[in-house]
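K.L.:
Top to bottom, those sequences are chains A and B.
Count along the first sequence from 1, then add 1; that gives the number in my numbering.
Count along the second sequence from 1, then add 1; that gives the number in my numbering.
Hints are computed from structural coordinates only; laboratory data are not their basis.
There could be a bad hint or two in this list.
[As the list claims (entries may be wrong)] Using 20 Å as the maximum straight-line C-alpha spacing, the simulated PhoX-like pairs for lysine-lysine come out as follows:
1. K15/A / K204/B
2. K15/A / K51/A
3. K467/A / K368/A
4. K458/A / K368/A
5. K58/A / K204/B
6. K61/A / K204/B
7. K340/A / K169/A
8. K183/B / K167/B
9. K8/A / K169/A
[Claimed, not checked] Far from chain B, by Cβ distances over 12 Å, these chain A residues were calculated:
10. P9
11. A183
12. D287
13. D318
Where a beta carbon is used, it is the ideal one built from N, C-alpha and C, also for glycine.
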Amino acid sequence: MQNLTQKPLSLFEKIWARHVIVERAPGPSLLYIDRHIIHEGSFHAFAQLKERGLSVKNPKQIFGVADHYVPTTSRSPQDAVTQEVTEMILKFDENMRWSRANYFSLQDPRQGIVHVVGPEQGISLPGSTLTCSDSHTSTHGAFGAIAFGVGQSESCHILTTQSLWQTKPACTRIELQGRPAASVGGKDIILALIALLGSSGATGQAIEYCGSALQTLTIDDRLTMCNMTIEAGARFGIMAPDDTIFNYLHGRPFAPQQAQWDAAVNDWRKLYSDEDARYDRSLSIDVSALSPMVTWGTSPEQALPITDCVPEVRNGDASTVAAMQYMGVTPGQRLDQIKIDRVFIGSCTNARLSDLRNAANVLRGRKSSVPGMVVPGSMEVKRHAEAEGLDRVFIDAGLEWRDAGCSMCVGINGDLARPGERVASTSNRNFVGRQGPGVRTHLMSPAMAAAAAITGKLSDVRRLPKE
Amino acid sequence: MHAFTQLQGLAATIPGKNIDTDQIIPARFLKRSRTDPDYAKYLFHDLRFNESKLADPAFVLNQPAFSRTSILIADENFGCGSSREAAVYALEAYGIRAVIAPSFGDIFFNNCLKNGLLPIRLQQSEIDILSRPDADAENERMGSHQPISLFVDLYTCTIQHIQHNKPISFRIDPFWQECLLKGLDEIDLTLSYQTSIDAFEAKHLSAAPWLTHSHT
Numbered sequence: 002m003q004n005l006t007q008k009p010l011s012l013f014e015k016i017w018a019r020h021v022i023v024e025r026a027p028g029p030s031l032l033y034i035d036r037h038i039i040h041e042g043s044f045h046a047f048a049q050l051k052e053r054g055l056s057v058k059n060p061k062q063i064f065g066v067a068d069h070y071v072p073t074t075s076r077s078p079q080d081a082v083t084q085e086v087t088e089m090i091l092k093f094d095e096n097m098r099w100s101r102a103n104y105f106s107l108q109d110p111r112q113g114i115v116h117v118v119g120p121e122q123g124i125s126l127p128g129s130t131l132t133c134s135d136s137h138t139s140t141h142g143a144f145g146a147i148a149f150g151v152g153q154s155e156s157c158h159i160l161t162t163q164s165l166w167q168t169k170p171a172c173t174r175i176e177l178q179g180r181p182a183a184s185v186g187g188k189d190i191i192l193a194l195i196a197l198l199g200s201s202g203a204t205g206q207a208i209e210y211c212g213s214a215l216q217t218l219t220i221d222d223r224l225t226m227c228n229m230t231i232e233a234g235a236r237f238g239i240m241a242p243d244d245t246i247f248n249y250l251h252g253r254p255f256a257p258q259q260a261q262w263d264a265a266v267n268d269w270r271k272l273y274s275d276e277d278a279r280y281d282r283s284l285s286i287d288v289s290a291l292s293p294m295v296t297w298g299t300s301p302e303q304a305l306p307i308t309d310c311v312p313e314v315r316n317g318d319a320s321t322v323a324a325m326q327y328m329g330v331t332p333g334q335r336l337d338q339i340k341i342d343r344v345f346i347g348s349c350t351n352a353r354l355s356d357l358r359n360a361a362n363v364l365r366g367r368k369s370s371v372p373g374m375v376v377p378g379s380m381e382v383k384r385h386a387e388a389e390g391l392d393r394v395f396i397d398a399g400l401e402w403r404d405a406g407c408s409m410c411v412g413i414n415g416d417l418a419r420p421g422e423r424v425a426s427t428s429n430r431n432f433v434g435r436q437g438p439g440v441r442t443h444l445m446s447p448a449m450a451a452a453a454a455i456t457g458k459l460s461d462v463r464r465l466p467k468e
Numbered sequence: 002m003h004a005f006t007q008l009q010g011l012a013a014t015i016p017g018k019n020i021d022t023d024q025i026i027p028a029r030f031l032k033r034s035r036t037d038p039d040y041a042k043y044l045f046h047d048l049r050f051n052e053s054k055l056a057d058p059a060f061v062l063n064q065p066a067f068s069r070t071s072i073l074i075a076d077e078n079f080g081c082g083s084s085r086e087a088a089v090y091a092l093e094a095y096g097i098r099a100v101i102a103p104s105f106g107d108i109f110f111n112n113c114l115k116n117g118l119l120p121i122r123l124q125q126s127e128i129d130i131l132s133r134p135d136a137d138a139e140n141e142r143m144g145s146h147q148p149i150s151l152f153v154d155l156y157t158c159t160i161q162h163i164q165h166n167k168p169i170s171f172r173i174d175p176f177w178q179e180c181l182l183k184g185l186d187e188i189d190l191t192l193s194y195q196t197s198i199d200a201f202e203a204k205h206l207s208a209a210p211w212l213t214h215s216h217t
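Work out the full structure, taking the sequences as your base and the hints as a guide.
P.N.:
Here you go:
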C-alpha cells in the first residue's frame, strides 16, 4: 500500500489504516470487517437481529460452522449430548439458511473448528480483518490479518453492518531469536511467553511476532502461537505473512483465484512492519533456550519447563494457593512426577495435521496407559491424517479417534473428564472446571501429551524410556 | 440498551485473580436463552452451589446481607477467557450493574459496555480505599462481612464510598461514556454512517473482489 505520509508503520497499523471507515480520535474508529465467522453459539446474535427486524448485510462475507457443541462420535445432530443441544444445532442450520451466508454444516466435509477451517478454506487472508464470536480468533493473525474475538452483541453488529467500533490497541513487538530445539514448538514458545507476560500482561493489546525464529516455524506452530496470544490478555496476535503462507493459500477455495492471485500476492508482500515502526513495548526472547512446557495451575500463566518443580507460594498469594489446592499439587513437587488419568489431543490450538503427526510420532508402536481421545481440528485434517495412517497409530495405542469439534477443550458437547481426574491436554485453558467439574487440566504440546499418555504421568518427551 | 447514569448500591467483593468467564457462568448453561427465568442462578454457579445444588454459605452472594448486591469488586483480570457474553447476561440477570477491578478480560469488558453494565478500572490502592467496611461498630465487633454502600456517577466518572467524602475518579472512553449515559443503541449509531460505510465498501471490495465470490 501507499504510505503517503512516509511515517513508518507497523504491519498492524498498515492493515488497520486500510479498514478505517470513520475515524474518531481519541476513541474508537468504525472498522470494516472483511470476513466474520460464526458458530452455533450465535443464536443470541440471530435473536437480536430478528427481534429488531434486521438482516445480514453481506452473507458472502459471513461463514458459519458448528463446532462448540457438536458430537464427535458421529455427524448427526441427533447424536448430540442432549436434545437441547440437538435443537441448538438444528437452530443454527435454520439461522444459516435464513441468513444465506456460507455454511459448512455438520455433514459438510469442510466442517471443523472455526479456527482450523478458516485457514484451511482460505477464509483467513493476509491484510484482512477477520472476526469470530470466539476468543481464540487471534489464531488467524498468523496469516498477517487483524483477527479478533467478539461477543454476541458485537457479532450482531457485524452481521448487520459489516463493521465494528474498535479502539486502536497498544502494540507489543516480540522478537523470537534462535531456533527451537527438537521437541520444542509453537505451544512451548507461547506457554513460555504467557508465563513471562502474565495472563493480563498484554490486556487488549496487539502482539506482533517477528524475528529469525519465525521463518523456521511451521504454519501450524505459528497458528498455535497466535491462538494462545489471547491467554496473555491480548486481543490480537499478528505475524508478517511470507512465502510459506502464500504457498499454503494458493488454490484454497475462498482465497483469490487465477488472475486475481498474482495481484493479491503482490499486495500481500507489502505487509511487513517498516524498520522504524513504533511500538509501545518491545521484547526479545531466545527460543533456543526453551524446553517443553507444561502448566501446573489453573491459569495458562502458571506454566514451567517440564524439568522444573511446582513453585513456592510467593507472599502467601491466595490465588496461587487456591490454584495448588484445586490442582492437588504442592510446592517443590517435580512436574514429571504428576500422574495423569486421561489425555486429550485436540482443540483449535493443537489439532492440525502436524500436531497429530507430532503426537503419532511419539505414540507409534506404543500403548497409552490412560484413556483418552484424539479429536482432529477439522474433517479435512481427519481425512489427511487417515491417509497417512495416523488414525491407526492412535487406535492401536488405545486412544479414541473422533470426528472434528471443540470437544473436551470447552467441554460442552459431552466430552468431559470425570470429577477429580487429571488430564494431559493440548487445549488452551486450564481453568477450574473447564473440562468438567473438579477436573484438573495440564496444558502441553501434542508430543508432550503423547508422552504423558505412554507413561501415565507428565513426562519430558525428550527423555521417554526406549521400549 | 438501557442507560447507565448513576447508581447507589451495595457492593460485594469476589476474591481471587483471573476469575474467568467459565467461573462467572459455566459452559453448560450457555445454551440457555436469555429469557430463561433461572438465568440469575447460573451466575458463579459452581462457586455458589455444591454438587447437591445447595448454596455454599461461605460464598459471598449466598449471605443474606449481600442479597441486594448490585456492584462487584473484583481482583485482576476479572472476566478473562472465553468470549461468552452470557457472563454479562448472568451478571445482569442477578442485578449487577457495575463491576470494579484493577483489570478486566478484554472481550468481557467490551461485552459489559454493550449491555449497559459499567466496568470500572481502578488502581488496587483505590479499590482498597473503597472496600473499607462501613463504619458500623456492631459489625466490626461481630467480625462479620457486610456489604459496602457505593455511589457511582457516570456523568462525572467518579465513585465513592457513601460514608467517605472523597470521590475517586475513573476513566472511560468518552464514546462509551456517551453510549452508556444515553443508552445509545450502537447499531442505530452505526447505521447513521450508512453512506460512509457504503462508499468505503464499494471501493474496498473492488480492490479485493474475492471477498464476495460465491462458492458451493
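K.L.:
For each hint, tell me whether it holds in the structure or not.
P.N.:
Results of checking the hints against the structure:
| no. | hint | result |
| --- | --- | --- |
| 1 | K15/A / K204/B | holds (17 Å) |
| 2 | K15/A / K51/A | violated (36 Å) |
| 3 | K467/A / K368/A | holds (13 Å) |
| 4 | K458/A / K368/A | holds (14 Å) |
| 5 | K58/A / K204/B | holds (17 Å) |
| 6 | K61/A / K204/B | holds (17 Å) |
| 7 | K340/A / K169/A | violated (45 Å) |
| 8 | K183/B / K167/B | violated (26 Å) |
| 9 | K8/A / K169/A | holds (17 Å) |
| 10 | P9 | holds (23 Å) |
| 11 | A183 | holds (32 Å) |
| 12 | D287 | holds (28 Å) |
| 13 | D318 | violated (8 Å) |
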